[in-house]
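Protein chains: 2
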Amino acid sequence: MLSKERFNEIMQAESNLVGCELESLMALEGEKRQHVLTEAMAYSLLAGGKRIRPILTRAFCRACGGDDGLAMPFACALEMIHNFSLIHDDLPCMDDDELRRGRPTNHVVFGEDIAVLAGDGLLNMAFETALKNARTPAHITVEALKILAECTGVYGMLGGQVIDLQSEGKSVDMDTLLTMHRLKTGALIRAAALMGCTVAGASAQQICGAEAYAKGIGLTFQIIDDILDVTSSTEELGKPVGSDAENQKTTFVTLLGVEEARRQAQMHTEAAVEALQAFGGDEFLETLAYSLLNRKK
Amino acid sequence: MLSKERFNEIMQAESNLVGCELESLMALEGEKRQHVLTEAMAYSLLAGGKRIRPILTRAFCRACGGDDGLAMPFACALEMIHNFSLIHDDLPCMDDDELRRGRPTNHVVFGEDIAVLAGDGLLNMAFETALKNARTPAHITVEALKILAECTGVYGMLGGQVIDLQSEGKSVDMDTLLTMHRLKTGALIRAAALMGCTVAGASAQQICGAEAYAKGIGLTFQIIDDILDVTSSTEELGKPVGSDAENQKTTFVTLLGVEEARRQAQMHTEAAVEALQAFGGDEFLETLAYSLLNRKK
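From first to last, the protein sequence lines are chains A and Y.
The first sequence lines up with residues 8 to 304 when you count with the working numbering.
The second sequence lines up with residues 8 to 304 when you count with the working numbering.
No lab work stands behind these hints: they were computed from the structure.
Where hints are given, some of them may not hold.
A pair holds if it fits inside one copy or across any two, identical chains being indistinguishable in the list.
What the hints assert, rightly or not - Heads up, simulated BS3-like pairs for lysine-lysine below, C-alpha to C-alpha not over 27 angstroms straight-line: (1) LYS222 / LYS139; (2) LYS39 / LYS304; (3) LYS11 / LYS256; (4) LYS39 / LYS57; (5) LYS139 / LYS57; (6) LYS139 / LYS153; (7) LYS256 / LYS39; (8) LYS57 / LYS256; (9) LYS303 / LYS256; (10) LYS256 / LYS139; (11) LYS177 / LYS39; (12) LYS39 / LYS303; (13) LYS304 / LYS256; (14) LYS304 / LYS153; (15) LYS139 / LYS39; (16) LYS11 / LYS57; (17) LYS39 / LYS153; (18) LYS11 / LYS304; (19) LYS139 / LYS304.
Make a model of the complete structure from these sequences and hints.
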């Protein structure tokens, strides 16, 4: 385990590095007429956020002995996919959220039409930026982007969003809840870990370890999200709390209660850390797992 | 020039081939829970349509002496991008259209939330399907998908849609109109031609020819669209006519009048056919250009 100070230092440095790279990718030139579209894309993409997915991609690349600079184009692509999904998720016809990271959501600022196109733009740009900036051999680029597309699609994040929409106002069972989260939030975390491994030319054993780690922290992340929605405040989180109860959503808390949910999150975190044995252990990824378990926002 | 019968025969055969391939790509297995998403994606993608873009990709591949089977994954990807854009374009917050190809639009059938996700799903699946099914060398796959992403993005189709949205209810000048169409409809036609060339390993001269052909038929296509909107009927077109006037849109017809618009379309078609010299001429592509000029729907 890293000390809290050392861990925060690395997280800050990594987050800055990813943020700078995203800023330079978004500094698009040319036609002024489309300016509002790039502005809307940048508004969400450059709003901060924890950058956990790109940081994971880079960390898994290092854990496999790879050059994390080679992982950067895929790390950035993943962050674009994540932000596209947030913009569309917040739309009035979806979750209808007006606040995200303490700021008005994309459609509140730019209008629904531009927000739809800004999400589309980020999804497309994820592939464009990775294809254009990758310095990996072409067959590695293709493999990494297969992972990205698969984890984003019908049997990944988008599929999870559909299950989420269809579960609204209904009580669902644990199996459905687990499937939904495995896809909706878990799939991109899985993509993060696996793309990092792919860039570094990981062994089969390492890929299994990365899958298990991603599964463990993905579930932890979601369980803690559900817990914070009932125990935190809007100021602390930067987004409204109590929205799950308001939308009559089934969550890990409604199914298990806060205490049991927290116990299971602890268990998933330990499984994630255990899986790091495939890499001979990794202090940063170990500390990251515990930080997600113990996060307050 | 091919005879009308021979041309229609090839178009029908090509359209069937593409349609069959798209059907097999959409026959997704696994989780039942996301079924509504794949159903919504298939509803639009498999609704017919002229399949002009994928047919162009395959035809340019053949014109450069390539194997059009190798172009198929990129041809299908392009058709997915085209259909994603139609679904989002029809949304209430965009053009708010309720009829497309003689059937209710996606959001009318599946609801706005699923329609947004179905569009997202097709955009993502375009890349996924090409990455997974390409039998081209990896560096060719990467090159072809760079073209696809670039022509779809901010400086391609999506950028054109933004200019379109911002021009609504305003009168715009010819320069803006040309830029909008070069991007909104022209970019994907350009992608179609260039991806076919890339798969076949075309010469620089052939690529220039493909660009010029795409530009010529793209403008022709749009000018004829504008003309049909004032001269055709809803029954004939399968979509409402007179919508441009209703939305006070500037079109080639409002700027030039029907006669001059038709004359310019003729001119663009001739430029497109001229550009086929780079391929030693191509009867199918020549006939296709004239058929777009003379189309009644």
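Here is how each hint holds up against the structure:
For the identical chains of this complex, LYS222 and LYS139 are inter-copy neighbours only, at 24 angstroms across copies versus 30 angstroms inside a copy, given an alpha-carbon limit of 27 angstroms. When the C-alpha separation of LYS39 and LYS304 is checked against a cutoff of 27 angstroms, the pair qualifies neither within a copy, at 38 angstroms, nor between copies, at 34 angstroms. When the C-alpha separation of LYS11 and LYS256 is checked against a cutoff of 27 angstroms, the pair qualifies neither within a copy, at 34 angstroms, nor between copies, at 59 angstroms. In this assembly of identical chains, LYS39 and LYS57 lie within 27 angstroms of each other by CA distance neither inside one copy nor across copies; the values are 31 angstroms within and 33 angstroms between.
Taking CA atoms no more than 27 angstroms apart as the test, LYS139 paired with LYS57 passes inside one copy only; the shortest distance there is 25 angstroms, against 31 angstroms between copies. Both within a single protomer and between protomers do LYS139 and LYS153 lie at most 27 angstroms apart by alpha-carbon distance, with minima of 16 angstroms and 7 angstroms respectively. When the C-alpha separation of LYS256 and LYS39 is checked against a cutoff of 27 angstroms, the pair qualifies only between copies, where the shortest distance is 21 angstroms, while the shortest distance within a copy is 43 angstroms. Proximity of LYS57 and LYS256 under a CA criterion of 27 angstroms is satisfied intra-copy only: 25 angstroms inside one chain copy versus 43 angstroms between copies.
In this homomeric assembly, LYS303 and LYS256 come within 27 angstroms of each other (Cα to Cα) only inside a single copy, at 21 angstroms, whereas the closest approach across copies is 52 angstroms. Taking the shortest alpha-carbon separations for LYS256 and LYS139, neither the intra-copy value of 41 angstroms nor the inter-copy value of 36 angstroms comes in at or below 27 angstroms. For the homomeric pair LYS177 and LYS39, the shortest alpha-carbon distance between copies (18 angstroms) is at most 27 angstroms, but the shortest distance inside one copy (46 angstroms) is not. Taking identical chains as interchangeable, the C-alpha atoms of LYS39 and LYS303 are never at most 27 angstroms apart, the minima being 42 angstroms within one chain and 36 angstroms between chains.
For a Cα distance limit of 27 angstroms, the shortest separation of LYS304 from LYS256 inside one copy, 20 angstroms, qualifies, whereas the shortest one across copies, 48 angstroms, does not. Taking CA atoms no more than 27 angstroms apart as the test, LYS304 paired with LYS153 passes in neither setting, with 32 angstroms inside one copy and 38 angstroms between copies. Taking the closest pair of Cα atoms, LYS139 and LYS39 come within 27 angstroms of each other only inside a single copy of the chain (22 angstroms); across copies the shortest separation is 36 angstroms, beyond that limit. With identical chains, the CA atoms of LYS11 and LYS57 are at most 27 angstroms apart within one copy only, with a shortest distance of 16 angstroms there and 60 angstroms across copies.
In the homo-oligomer, the alpha carbons of LYS39 and LYS153 lie at most 27 angstroms apart only across protomers (23 angstroms), although the nearest pairing inside one protomer, at 33 angstroms, exceeds that limit. For the homomeric pair LYS11 and LYS304, the shortest alpha-carbon distance inside one copy (16 angstroms) is at most 27 angstroms, but the shortest distance between copies (67 angstroms) is not. In this assembly of identical chains, the alpha carbons of LYS139 and LYS304 never lie at most 27 angstroms apart, being 35 angstroms within a copy and 38 angstroms across copies at closest.
The structure fails hints 2, 3, 4, 10, 12, 14 and 19 (numbered hints given earlier, in ascending order).
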